[in-house]
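A.B. asks: Following the hints, position chains B, C and D against chain A.
Protein chains: 4
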Amino acid sequence: MANSKFAYVRSFELPDPLLPSTYIVCRLDGRSFHKFTDVHGFLKPNDERGLGLMDRAAEGVMTELRDVVLAFGESDEFSFLLKKHTTLYNRRESKILSSILSILTAHYVFHWPDFFPETKLQYPPSFDARIVLYPGEQEVRDYFAWRQADTHINNLYNTTFWALVQQGDLTPTAAHAELSGTVSAQKHEILHGRFGVNYNNLPERYRKGSVLVRKPVNKRPRSRQPPPWDGTSGEVEVLHVDVIADEFWEQRPWLLR
Amino acid sequence: MANSKFAYVRSFELPDPLLPSTYIVCRLDGRSFHKFTDVHGFLKPNDERGLGLMDRAAEGVMTELRDVVLAFGESDEFSFLLKKHTTLYNRRESKILSSILSILTAHYVFHWPDFFPETKLQYPPSFDARIVLYPGEQEVRDYFAWRQADTHINNLYNTTFWALVQQGDLTPTAAHAELSGTVSAQKHEILHGRFGVNYNNLPERYRKGSVLVRKPVNKRPRSRQPPPWDGTSGEVEVLHVDVIADEFWEQRPWLLR
Amino acid sequence: MANSKFAYVRSFELPDPLLPSTYIVCRLDGRSFHKFTDVHGFLKPNDERGLGLMDRAAEGVMTELRDVVLAFGESDEFSFLLKKHTTLYNRRESKILSSILSILTAHYVFHWPDFFPETKLQYPPSFDARIVLYPGEQEVRDYFAWRQADTHINNLYNTTFWALVQQGDLTPTAAHAELSGTVSAQKHEILHGRFGVNYNNLPERYRKGSVLVRKPVNKRPRSRQPPPWDGTSGEVEVLHVDVIADEFWEQRPWLLR
Amino acid sequence: MANSKFAYVRSFELPDPLLPSTYIVCRLDGRSFHKFTDVHGFLKPNDERGLGLMDRAAEGVMTELRDVVLAFGESDEFSFLLKKHTTLYNRRESKILSSILSILTAHYVFHWPDFFPETKLQYPPSFDARIVLYPGEQEVRDYFAWRQADTHINNLYNTTFWALVQQGDLTPTAAHAELSGTVSAQKHEILHGRFGVNYNNLPERYRKGSVLVRKPVNKRPRSRQPPPWDGTSGEVEVLHVDVIADEFWEQRPWLLR
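Chains as they are written, first to last, in UniProt numbering: chain A, 1 to 257; chain B, 1 to 257; chain C, 1 to 257; chain D, 1 to 257.
Isolated chain A (complex conformation):
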């Protein structure tokens, strides 16, 4: 068979299994989304439609890949956590990364008209992805805390920046200069003092990002001791809650199991 003569090239495909019993996090970012959001007229500092579309795309990932038990998103970025002991694709790195990435990308383009009914998609946006392994619970929690702390910091900055530009009539350059070196409290004060905005009253989605988990399923106790629900079945819900403190994790022990 003609094929066999060339088939040796398969031997160059090397294995890429991820370490067992280790938490797998896959983080995606929009590629060149600065330009993309400009071209498509995203509202600043937060575009409800754009954030909703990201959430929808991430939900698509979780619906298709049930071993993804948690997702966290802000802006054009999303992070996905797989169950510690997942055997999805035999833990092959490129299969896991590419499935999550391709599903999210496809959903983003597919659902665009649902979220931007009046804005035609000018060209297809894309994302990149990386996988990071975390050996312990604390590191996983700190990873998501890191992303949510980043959301806080970015959103406070952006909200103040755009208030200065949109309501304060500053040029972007002047607004940047004004904010340079300021700490949190000063930004809160600018927002409140000059623009009457109480930052803490802004929508939680903007301040906390999006947290996707599944609603626990009430299993009918057929056997005396049904196995505990493991977080991989049931409906995905989008929350905007704190993931830095203990409460979120204590209420959902299956996430880190």
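It is worth saying that the hints were derived from the structure and are not from the lab. None of these values were measured; they are calculated from a predicted model. Do not take every clue at face value.
The list cannot tell twin chains apart, which means a pair is met if one copy fits it or any two copies do.
Said to hold, decoys possible - Think about it this way: if two alpha-carbon atoms lie no more than 27 Å apart in a straight line, the pair counts; the simulated DSSO-like pairs of lysine-lysine are: (1) K120 - K44; (2) K95 - K35; (3) K5 - K187; (4) K5 - K208; (5) K208 - K44; (6) K187 - K208; (7) K208 - K35; (8) K187 - K44; (9) K35 - K120.
C.D. replies: Frame of chain A, contents of chains B, C and D only:
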């Protein structure tokens, strides 16, 4: 700053550079495309629209990533070759893989209506991807020969199979049974003898797959000795030509340079 | 400088950092030690001199590399555990592996005359090594339990086998046949019934292998709260104790810290 | 069986195959050899005994591992080249690295008394190792050229430095200062003008390092067309020749085959 306390989690992001001066091939495959093509009524054995859409999506990759100098596609699969000495994303594996994959996925969904104007996309399709390294020219050529030989084999089988089913009124099971153990010549004979089809007259796209390269650019010789064109600029063209014999490569020495 | 023209070849040296905060285990095995022990007349089933030499070589590793906090050895094999948060050689895999391996090899040859004063070393023995990562405490404990359970199994088999050969006058082939399919209790019975040997009275070194840890150092409390001793300083001691049950680990909490 | 309960820990041993058809180079360096050579009174700038011992240890590697077809050494460093298509240990990185490293280390200690009959080995020396892959012939040749150019540069510097110290009565600090910023020609001039030494007449071993290859074997032509000798059998010889120019490689085409 709240952020710094958690930022240590970045140290778990390990480097993933690919070996320098080695050919990088990235191969993508449709995920669950058997079901996808059923749901969307793809014609068998070859759907001109579906093949055209794949070509269009691959062209999108080459337009955006200029260091991709060659692509070969068949069915729901595409392979991309990067220049041997590319420094794209510092040769980081996950960045290269995810960019190619995400761009192709996004283009596939985005351009769907152009190729399937009368078929609504029911749900977003996705792909997976892997990267394979080849150290030498011969291996790269054999890689593409392997894929094109595969195209030949699959297409001959599928063409005969569907002729038996569609024109010969066999059930799929019976058609499979009939073809089991047959060699090439026997399939040619079935096609010709029973269905009057000369396999070699079928469209080259079906028999040879799609080959995407760029048209050489005629540089205006501003300097006495302009550097030779390197395959990374200019218009992408879709060919259906043999890549197993020497001619294709000898005419395009820049592909392996 | 002539050198710079060729120095680009350094760019092919790729980074190989091991995942942070993960337990690093390095296991070494003798290469072709069946032949080596034959040539040098090692006693069967256990050669006190050979075991002592392995222990001495492993001690050399721990003396030189203080972040190795635990070692376990049996026969011609040794496993080394590094502190979870070690930054030795920036956690570069090949540096860690090669340092442990080369130190052990060198000590084995260097100390040969101390343990085999009447046997000239005929040729230099060698070892191979691999590194395995474990994300959690349980897995590390199970790793060492796995090696010690292996010691138990091998030693019971070997002790019975050599009793049959040396005292029972069986050929090796006949002894193998006799033991084939027997469980633990049957081997104990053979030893006790035929040869009057109570297996549990054999030296613990044979039944449990060697466990190397450091003796805790009593720090003089110069400051009010001296940092707790971390297992990396002080004298190495060789124990032959159980590492499967909890006691060993509970008494040495610094090993997994 | 007690063992099976823990045996799952083997699943954490991940595969580490090296890319096929790629040149494997393994480079070893002495660990802390500055101190080691001081303690053992090595002569400066070159100690004939020490260099001979390194050569002997490298020969041990080539004798045991026949797929190592070339070695190059200078000072306390040695590089080994494996045949491009070697299948030694299924190309597993840690097996190849650790075999070469352990064999060299063991030979170094074992043969010490042959080369230093009047100097007792005070403590066991050790080495570290790394593996580097090269995809093409040119890169392999440039790798060895890089090492030999390094030998030239280091030896010229060291020879001049020690002449200034040993014969010129400079302190090491003063000698360093005197050489700082000098080019090759100036060092040649210092050696010749002040010490009457014509650098080019120094032993080739010092100026070119050691090159280990095997002597071609004259096969008795049993069959009409015996396969060409492939460099893996026959006696190892130690040369001190140029490996930068073409001649060395043209005379030994099997090295890069």
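A.B. asks: Against this structure, judge whether each hint is valid.
C.D. replies: Each hint, compared with the structure:
In this assembly of identical chains, the alpha carbons of K120 and K44 lie at most 27 Å apart only when taken from the same copy (19 Å versus 33 Å across copies). With identical chains, the CA atoms of K95 and K35 are at most 27 Å apart between copies only, with a shortest distance of 19 Å across copies and 29 Å within one. Proximity of K5 to K187 under the C-alpha cut-off of 27 Å is restricted to the inter-copy arrangement: shortest distance 21 Å between copies versus 67 Å within a copy. Taking identical chains as interchangeable, the C-alpha atoms of K5 and K208 lie at most 27 Å apart only when they sit on different chains, with a minimum of 18 Å there against 57 Å within one chain.
Taking the shortest alpha-carbon separations for K208 and K44, only the intra-copy value of 17 Å comes in at or below 27 Å, while the best inter-copy value is 49 Å. Taking CA atoms no more than 27 Å apart as the test, K187 paired with K208 passes inside one copy only; the shortest distance there is 17 Å, against 62 Å between copies. With identical chains, the CA atoms of K208 and K35 are at most 27 Å apart within one copy only, with a shortest distance of 24 Å there and 38 Å across copies. Taking the shortest Cα distances, K187 and K44 sit within 27 Å of each other inside one copy (17 Å), while across copies they are farther apart (62 Å).
Taking the closest pair of Cα atoms, K35 and K120 come within 27 Å of each other only inside a single copy of the chain (15 Å); across copies the shortest separation is 29 Å, beyond that limit.
Checked against the numbered hints listed earlier, the structure breaks none of them; every hint is satisfied.
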